[in-house]
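One letter stands for each residue in the lines below.
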Amino acid sequence: MKYVQYLIDAVALGSLYALVALGIGLIFGVMRIVNLAHGELLMAGGYTLYETDGWPAIVRVLTALAVVIVVALLMERLALRPLRHASPTTTLVMTFAVSFLLRSIAQKRWSAQGKSMNLFTDLNRAFTIGELRIKYLTIAAVVVGAVLLGAVTVFLDRTDLGLQMRAAASDVRIAQALGVRTNHVVVGAFVIAGILATAALVLFAPQRPVVTPDFGLQIAILALVGVVVGGMDKPSSATLGGFFIGFANSMVFSLLPKGQRVFLDSALYGLVIVVLLVRPSGLFQRENVTSRL
Amino acid sequence: MTSPTTPPLLEIDSLSVRYGSVPAVRKLSMSVGAGEVVAIVGPNGAGKTTALSAVMRMVGWSGGDVRLGGESLGRLSPDQVARRGIALVPEGRQIFANLTVLENLRLGMIARRSKTGAAQALDAVYEQFPIVKTFLDRPAGLLSGGQQQQLAIARALVAEPDLLLLDEPSLGLAPAVIDTVFSALAAIRASGRTIVLVEQRAQRAIAFADRSYVLAEGVVRDRLVAADASDAPRLRAAYFGADTAAAGPVVRAEGPAPR
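One line per chain: the protein sequences are D and Y, in this order. Each residue of the first sequence is one higher than the one before, starting from 1 at the first, in our numbering. Each residue of the second sequence is one higher than the one before, starting from 1 at the first, in our numbering.
Just so you know, these hints were derived from the structure itself, not from any lab. Quantities reported herein were computed from a predicted structural model and do not represent experimental measurements. A virtual CB, placed ideally from N, CA and C, is assigned to each residue, including glycine. There may be inaccurate statements among the hints.
Listed next, with one range per pair, are the computed distances between beta-carbon atoms [to be verified]:
hint, chain 1, residue 1, chain 2, residue 2, range
1, Y, D123, D, L83, 41 to 51 Å
2, Y, V22, D, V93, 22 to 32 Å
3, Y, V22, D, T90, 52 to 62 Å
4, D, Q260, Y, S144, 51 to 61 Å
5, D, T159, Y, S191, 48 to 58 Å
One side of the interface only, derived from the structure: several residues of chain D facing chain Y at Cβ under 7 Å [unchecked claim]:
hint, residue
6, A167
7, S170
8, V172
9, I174
10, Q176
11, A177
12, L178
13, G179
14, V180
15, R181
Some chain Y residues flagged as far from chain D (calculated, every beta-carbon gap over 12 Å) [to be verified]:
hint, residue
16, S21
17, V22
18, G35
19, A87
20, I95
21, G108
22, R113
23, A119
24, A152
25, A159
26, F182
27, A186
28, I188
29, R201
30, D222
31, D231
Between the sequences and the hints, there should be enough to build the whole structure, so can you do that?
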């Protein structure tokens with residue numbers, strides 16, 4: 001029964017990382033940019049929650065969503081669009097710089113000390129089924145995760161903009177020559193990434209209630225590792241990779257003896273190294289497929 | 001060559017393109033009238049594909065201008081050129097292999113200028129390329145080379161462009177399949193659409209087109225008409241210059257560029 005409990009916790013954390021990973025994967029798919037500043041979207045939303053404490057929860061969430069989307073669009077417009085034809089190394093350094101800048105601004109404004117987000121703390125309560133203890137947050141994470149992942153899938157598969165995103169992800173030159181407006185597609189990807197980041201933030205907030213300048217970075221770095229482990233080339237494999245890393249993180253944590261939990265990162269990244277050595281193109285990538293979405 | 005009242009549909013005016021310091025197209029000038037079929041032939045590296053990419057604004061220009069119906073394309077992005085009514089069938093087909101046949105066609109429809117008539121445009125390409133309709137829900141990458149070429153042409157046609165640019169539509173296809181492609185092109189011509197055709201199969205392209213330009217090293221070396229296709233010495237002279245006209249057998253058009 002203990003292991004079922006571990007499994008449930010792991011699925012919940014996996015869902016959260018899947019949301020973050022899909023955002024990173026979508027932007028990489030469309031723009032071939034690894035956005036190291038993705039975590040700062042969560043950070044920006046986190047401080048918005050702190051600043052709006054006392055407002056009705058739904059208003060706070062919508063305000064955070066608006067702030068995150070605005071930050072995402074500014075990131076795209078001011079930092080990345082001017083580098084549209086630059087090399088991947090240049091854009092990588094740019095996103096690193098943006099991440100650093102945003103964290104520095106946060107530190108200046110709110111100090112390095114944590115600020116409480118105080119959102120949906122009731123979700124930490126649990127109900128029991130037999131020996132199993134299930135937090136309401138776990139249910140929320142799985143449901144919201146599944147709904148949003150499903151919605152993005154439907155969007156990509158069924159809508160014209162989704163089709164254009166997939167086309168741009170596979171060959172942006174040809175897509176453009178067919179009339180696809182690159183800027184629309186890129187803006188669409190950033191808006192979706194912002195929505196996913198906000199959803200993840202809202203679900204992280206009850207269990208990690210303190211936002212610091214590095215709050216988003218810690219989440220995004222692990223999600224990015226998941227994206228690479230899963231396979232960057234497709235949104236679906238990136239998402240599964242994110243799920244995997246969150247799942248593994250929680251599992252390793254639960255399975256380590258209590259006194260050994262300081263070794264969580266060592267054990268987790270050891271696992272990552274093994275996965276990358278065995279399947280360098282990605283855990284959820286079909287072998288020898290290199291030039292597809 | 002231009003009547004003072006109506007400009008030609010496409011006018012390339014001393015266009016130059018360089019890749020770094022290497023000139024790919026040098027002061028290229030040509031014009032294409034509405035309803036005309038114009039071929040651009042020449043050896044590998046002559047600048048044919050670059051010229052088409054430059055018209056689409058997929059590569060930048062280092063000089064000159066291209067006008068469509070008198071309007072300069074110089075400030076447009078490729079998607080805007082497509083929406084002005086130029087459709088490209090790119091070299092190597094470049095269909096989206098991971099998308100279905102229907103999704104490829106839907107992408108072709110983005111550049112349509114008229115909001116109405118999309119269903120009729122689809123029906124028209126289904127009629128012209130039955131194979132496309134047969135495999136609508138199949139990933140395009142599973143089609144054979146000839147089928148992919150038909151899809152690439154169909155994808156361009158659903159936009160109902162004024163001008164169709166075809167880059168090497170016979171490349172890598174079996175002879176029987178090439179016949180299929182050329183008969184499709186003949187039907188497109190019969191429908192009155194203006195076509196610019198880049199081909200290494202020079203003889204076939206020259207015979208098909210109303211007029212042809214021979215490109216070499218980025219410049220127009222010669223101009224030909226359809227009747228020249230059966231005149232081997234004339235072709236040889238056009239390809240390699242007058243002084244080599246008597247030298248040896250007709251070199252295969254696919255061969256390397258002369259030194």
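The hints, checked one at a time:
For D123(Y) paired with L83(D), a C-beta distance near 43 Å keeps the hint of 41 to 51 Å intact. The hint said 22 to 32 Å for the Cβ distance between V22(Y) and V93(D), and at roughly 29 Å that hint holds. V22(Y) and T90(D) have their C-beta atoms about 23 Å apart, which leaves the hinted 52 to 62 Å range violated. Remark: the range hint 51 to 61 Å for Q260(D) to S144(Y) is upheld by a beta-carbon distance near 58 Å.
One distance hint, 48 to 58 Å for the beta-carbon pair T159(D) and S191(Y), is violated here, with the actual separation near 32 Å. With its C-beta approaching chain Y no nearer than about 5 Å, A167(D) sits inside the 7 Å limit, and its interface hint holds. Checking S170(D) against chain Y: minimum C-beta separation of about 5 Å stays under 7 Å; hint holds. For V172(D), the interface hint is violated, the least distance from its beta-carbon to any beta-carbon of chain Y being 10 Å, above 7 Å.
With a cut of 7 Å, the hint placing I174(D) at the interface with chain Y holds, because the nearest CB-to-CB distance is about 5 Å. The restraint placing Q176(D) at the interface with chain Y holds, with a minimum CB-CB distance near 4 Å, inside the 7 Å limit. The interface hint given for A177(D) holds, since its Cβ lies 5 Å from the closest Cβ of chain Y, which is under the 7 Å cut-off. Given hint, L178(D) at the interface with chain Y, holds; its Cβ is 5 Å from that chain's nearest Cβ, closer than 7 Å.
About 3 Å separates the beta-carbon of G179(D) from the nearest beta-carbon of chain Y, less than 7 Å, and the hint is met. Hint status for V180(D): holds, given a least beta-carbon distance of 6 Å to chain Y, under 7 Å. Annotation: interface hint on R181(D) holds; nearest CB of chain Y at approximately 5 Å, less than 7 Å. The beta carbon of S21(Y) is kept farther than 12 Å from every beta carbon of chain D, the shortest such distance being approximately 18 Å.
In this structure V22(Y) is separated from chain D by more than 12 Å, as the shortest Cβ-Cβ distance comes to about 19 Å. Against the 12 Å criterion, G35(Y) stays outside the reach of chain D, whose nearest CB is about 23 Å from its own CB. Annotated as non-interface, A87(Y) brings its C-beta within 12 Å of a C-beta of chain D; the closest such distance is 8 Å. Taking the minimum C-beta to C-beta distance to chain D, about 9 Å, the non-interface status of I95(Y) is violated against the 12 Å cut.
At roughly 6 Å, the least C-beta separation between G108(Y) and chain D is not larger than 12 Å, which violates its mark as non-interface. Residue placement check: R113(Y) does not keep its beta carbon more than 12 Å from all beta carbons of chain D (closest about 10 Å). For A119(Y), the shortest C-beta to C-beta distance to chain D comes to about 16 Å, beyond the 12 Å cut-off, and the non-interface label holds. A152(Y), annotated as away from the interface, has a beta carbon of chain D within 12 Å; the closest lies near 10 Å.
Not every Cβ of chain D is farther than 12 Å from the Cβ of A159(Y); the closest lies at roughly 7 Å, contradicting the non-interface assignment. Remark: the non-interface label on F182(Y) is consistent with the geometry, its nearest Cβ contact in chain D lying 23 Å away (cut-off 12 Å). Remark: the non-interface label on A186(Y) is consistent with the geometry, its nearest Cβ contact in chain D lying 24 Å away (cut-off 12 Å). Against the 12 Å criterion, I188(Y) stays outside the reach of chain D, whose nearest CB is about 18 Å from its own CB.
Against chain D, the non-interface label of R201(Y) holds: every CB pair exceeds 12 Å, the least being about 23 Å. The beta carbon of D222(Y) is kept farther than 12 Å from every beta carbon of chain D, the shortest such distance being approximately 29 Å. Non-interface status of D231(Y) relative to chain D is upheld: no Cβ of that chain comes within 12 Å, the nearest being about 36 Å off.
Violated hints, in rising order: 3, 5, 8, 19, 20, 21, 22, 24, 25; the structure is consistent with all others.
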